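K.L.:
Sequence:
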Amino acid sequence: MVKLNVQKISEKEIVIALLDAGMDTEKINEFIESINSEYFQKSKNILLSQRAELLLKIRDGQEKLYCLDYLTRTLNQAGIFDKK
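First residue of the sequence shown: 1, per my numbering; consecutive thereafter.
Keep in mind that the hints were calculated from the coordinates and are not lab data.
Quantities reported herein were computed from a predicted structural model and do not represent experimental measurements.
Careful: at least some of the hints might be erroneous.
Unchecked claim - The calculated lysine-lysine pairs, modelled on DSSO-like cross-linking and capped at a C-alpha distance of 27 Å, are:
no.	residue 1	residue 2
1	Lys-12	Lys-42
2	Lys-8	Lys-44
3	Lys-42	Lys-8
4	Lys-44	Lys-57
5	Lys-83	Lys-44
6	Lys-42	Lys-57
7	Lys-27	Lys-44
8	Lys-42	Lys-27
9	Lys-8	Lys-27
10	Lys-64	Lys-42
11	Lys-44	Lys-12
Let's have the full structure, built from the sequences with the hints guiding it.
P.N.:
As C-alpha cells, this is what we get:
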C-alpha cells in the first residue's frame, strides 16, 4: 500500500490509473518504487513525462487531421465529390 498523507489511495488504484493513462509497466513500477521510497519529486517527474508524451501524440494526431481536412476540403472545392 502506498503511504500518502493527504488521501489514502491503494497501490492497485494508482496502477489502474497509470495503465489507463497509457503508462507502460516499467514506468509504473518505477513510479510506485519512487512513491514508496518517498522520492516525490521523481514521482512527479514521471507523471509529467507521461503527460508530455501524451501531448505529443495528440499534437501528431491533430496535424494528421489538419492534413486530411485540407485534402477533403480541396477535393470538395474542386468538385471531385460531386461526380458520379
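K.L.:
Indicate, hint by hint, whether the structure satisfies it.
P.N.:
Outcome of the hint check:
1. Lys-12 <-> Lys-42: holds, 20 Å
2. Lys-8 <-> Lys-44: With a Cα-Cα distance of about 17 Å, the restraint between Lys-8 and Lys-44 holds, given a limit of 27 Å.
3. Lys-42 <-> Lys-8: Roughly 20 Å between the alpha carbons, so the hint for Lys-42 and Lys-8 holds.
4. Lys-44 <-> Lys-57: holds, 20 Å
5. Lys-83 <-> Lys-44: Answer violated: Lys-83 to Lys-44 is near 56 Å, above 27 Å.
6. Lys-42 <-> Lys-57: holds, 23 Å
7. Lys-27 <-> Lys-44: holds, 12 Å
8. Lys-42 <-> Lys-27: Measuring from Cα to Cα gives roughly 11 Å; hence the hint holds.
9. Lys-8 <-> Lys-27: Between Lys-8 and Lys-27 the Cα gap is close to 22 Å, so the pair holds against 27 Å.
10. Lys-64 <-> Lys-42: violated, 33 Å
11. Lys-44 <-> Lys-12: holds, 18 Å
Hint violations for this structure: numbers 5, 10, all remaining hints satisfied.
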